[in-house]
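If you read the sequences in order, they're chains A and B.
Counting along the first sequence from 1, when you hit position 108 you're at 108 in the numbering used here, and nothing is skipped either side.
Counting along the second sequence from 1, when you hit position 12 you're at 12 in the numbering used here, and nothing is skipped either side.
Simulated from the structure, these hints should not be mistaken for laboratory data.
A few of these clues could be false.
[What the hints assert, rightly or not] Sample of chain A residues at the chain B side, in silico, Cβ under 7 Å:
1) 29
2) 33
3) 62
4) 140
5) 145
6) 156
7) 162
8) 163
9) 165
10) 166
11) 167
12) 169
13) 174
14) 177
15) 184
16) 191
[What the hints assert, rightly or not] Covered, in the sense of this in silico footprint (three residues per stretch, anywhere, with C-beta under 8 Å from a C-beta of chain B), are these stretches of chain A:
17) 16-25
18) 35-42
19) 93-100
20) 105-117
21) 147-153
Ideal Cβ positions, reconstructed from N, Cα and C, are used throughout, including at glycine.
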Amino acid sequence: MDVIDTLSGIDAGSRLDELRSHRLEAREQAQATYDALFSPVDDSAMSPVERQAVAAFVAALFDVPSAEQYYGRLLADVDPAIAAAVTDAVELGRGAGPYGAFHGDLASESQPGPELFLTPQLADALGVRLVAALLHAHMLALHPRDSARDRLQPLVDAGWSADGIVTLSQLVSFLAFQVRVVAGLTVLAAEGSR
Amino acid sequence: MSTLTTATEVTPPPRFTQESLGWVPWVEPLDELDLTERHYEGLVQRPRAKNPYFRLLARDPEVLGARTRTDLDIFYNTADGLGRAERELGAAVASRSNGCVYCASVHSAFATHFSKRSDDVQRLLDDGVAADLGDETWNAVRDAVVALTATPVRFGAEHVVALRAAGLDDVAVLDVVYSGAFFNWANRLMLSLGEPTVG
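Isolated chain B, as found in the complex (with noise of 0.2 Å):
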């Protein structure tokens, strides 16, 4: 098998989009067939094995396995912390950050999903992360994801301080953390392993 799959057809987006996109990869991923427990033990949920993103990514089990469980305890434990829309905020905001067009369309979707503001969530995709928010905690989540974001790092206490007036807790500022640290390693893997199509 090819170490790098065959060129095929793409029509690349030409700006952010809440819409659904596709994403093909430019490694070969696995083939479904060849798949073994070991994988799947890798893909944690069985219906991932459809994708190839993640049949990609199960080329080493061992790290996407830890790394899909970290990703559904950021995101998707909600027994305390900040609320789901926030944490998808924080998702899209790296994402617009990085350029992963990809990432973006996904969280951004979901941050409108969860929080019923599309338009804010739009102007984040169309104007940057420099766009008014519409809230204090909106700017302040925005603030702190883009500061973890760059490189040098200048998340710092002026961030914290923001985030507690807005009025989160320490648990919800680590999940500030969290999902914008997270998504600095979701971007660089959508962004450099494939690329994503309209339609």
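The following block holds chain A by itself, in its conformation from the complex (with noise of 0.2 Å):
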């Protein structure tokens, strides 16, 4: 049993458990990706405590409940004031997505959003290189259309290095099909089969 299978509430020997085992490399592999983004062989671009922190602030932001517990859980064990702050953060940032600009043919198919604004006493909390982790996780979670070549300039002014900016970048992308994933296959445990 992996993580999806535990956050889907898939037990062994189960209908899903069967239906999962028709892909075994995507199930293997997903489960990769998360052994190689939470206990990675190198953790010198991106520390685990940053690790922690931005995917407890997405899981809540994608608000699939038991993801948003699951990693809230794993940051509190870790580190509890930034746990605080992240949980602060998430309240400041919750919205639907996706939206963001469209540009040339499509700008009339712009969908305008909230930006994350992190109060200063926050900002303190989370230190300078979570806060460009955490603006930059947002937009990335609700509006990544809205992405550009300037939005990672704050990412390397706060230390972030390409190697970093790209485990950044996975970590939350992931966690945007980790979370997609187990709500489908909740869905689908809940249907029973055809």
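Once you've looked at the hints, go ahead and assemble the two chains, each given alone in its own frame, into the complex.
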């Protein structure tokens, strides 16, 4: 049983366990991605606390309850003070996505929505690297089409390396995948077999 | 080496298209000459070393390797489940919904290749995710992936019912979930680490 099974309430030998076995490689490699993100061979570009903080933040923004609780608990176990700050940041950042600006012929499809704004107190509690990471993660989670070259500069200014930006981007984007698989499997489990 | 690339001239595509686009990284990819066996293990397929997007993701080779193997099983394991065209449609719908013009170009073209339904695919690109995609199965796949792509996720029992009514078995429904969910991963990388350019 892997993390997706745990978050989806799938038991060994159940109908959903059998169903997932039809995509065994995807099942094993999704877990391998999780392992590579949260038990990395090299964590020099993004620290363990930064990984857990960003995961707890975006899992809450994505609003899939089992994932929000799981990643929230992991962060609280490693750093309760950062966990409290992330909980406050989530309340400032919640929203309905995907929104954002289109350009060219598509401009009329643009859907405006909020940027995350962190209070000075929260910024102090999080530190410059996590402030930059959460602002970027908020955009990636809820309004990814607002991405722009200029949006990467605050990460660089806060000390994020190219390796770190890639890992941060993978972590948020993997969570976007993982919570949606969990949401889908949870519905499929409740629906019974056809 | 600098973290971000030097800004280069790009021609942003003005709309969604099935035509082939280029993609320019904003974060500096690894140099091909600096790739080690650890990086090639992450690239999975050695020719991917020619592609700047994959050489950028190779900065975290263990994550890239696991991601690539996840991708290949979701889209290319056709022992059972959903057809190739419908998996690519799922990828294109997620990309249209999130606004990833580059991903949409690649996977809408694949959907057309496997289905020969270029007009239905083009309606998705031109008119958006509310367009009629021509039959019950495609519309049900579309509805499911749009709901799965939303935050909060709106995917629910009604989507499973509609997919089953269109003739999908549960392995195929799982493939719809996987293809839509996977492009919520891919879209965010492609959108945030670089930009598409025409030609």
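Now for the hints, and whether the structure bears them out:
Annotation: interface hint on residue 29 of chain A holds; nearest CB of chain B at approximately 4 Å, less than 7 Å. With a least beta-carbon distance of about 4 Å to chain B, the hint placing residue 33 of chain A at the interface is held under the 7 Å criterion. Hint status for residue 62 of chain A: holds, given a least beta-carbon distance of 6 Å to chain B, under 7 Å. Taking 7 Å as the C-beta contact cut-off toward chain B, the hint placing residue 140 of chain A at the interface holds, the least distance being around 5 Å.
At a threshold of 7 Å, the smallest CB-CB gap from residue 145 of chain A to chain B is about 3 Å, leaving the interface hint in force. The beta carbon of residue 156 of chain A is positioned within 7 Å of a beta carbon in chain B (closest approach about 5 Å), and the interface hint is therefore held. Interface restraint check for residue 162 of chain A: the shortest CB-CB distance to chain B comes to about 5 Å, inside 7 Å, so the restraint holds. Residue-level restraint check for residue 163 of chain A holds (minimum Cβ-Cβ distance to chain B is 5 Å; threshold 7 Å).
With a least beta-carbon distance of about 5 Å to chain B, the hint placing residue 165 of chain A at the interface is held under the 7 Å criterion. The closest approach between the C-beta of residue 166 of chain A and any C-beta of chain B is roughly 4 Å, which is under the 7 Å cut-off, so the hint is satisfied. Because the smallest distance between the Cβ of residue 167 of chain A and any Cβ of chain B comes to about 5 Å, under 7 Å, the interface hint for this residue holds. Interface hint status for residue 169 of chain A: upheld, as the beta-carbon distance to the closest one in chain B is roughly 6 Å, under 7 Å.
Residue-level restraint check for residue 174 of chain A holds (minimum Cβ-Cβ distance to chain B is 6 Å; threshold 7 Å). Taken as an interface hint, residue 177 of chain A checks out: its beta carbon lies about 4 Å from the nearest beta carbon of chain B, inside 7 Å. Hint status for residue 184 of chain A: holds, given a least beta-carbon distance of 3 Å to chain B, under 7 Å. Because the beta carbon of residue 191 of chain A sits about 5 Å from the nearest beta carbon in chain B, less than 7 Å, this interface hint is met.
For the segment 16-25 of chain A, the assignment as covered by chain B holds, since 6 residues bring a beta-carbon within under 8 Å of that chain's beta-carbons and 3 suffice. With 5 residues carrying a beta carbon less than 8 Å from a beta carbon of chain B, the segment 35-42 of chain A meets the three-residue requirement, and the given coverage holds. Counting residues of the segment 93-100 of chain A whose CB lies closer than 8 Å to any CB of chain B gives 5, which reaches the minimum of 3, so the coverage claim holds. For the segment 105-117 of chain A, the assignment as covered by chain B holds, since 3 residues bring a beta-carbon within under 8 Å of that chain's beta-carbons and 3 suffice.
Note: the segment 147-153 of chain A has 5 residues with beta-carbon separation from chain B under 8 Å; the three-residue rule is met and the coverage holds.
The structure shown violates none of the earlier numbered hints.
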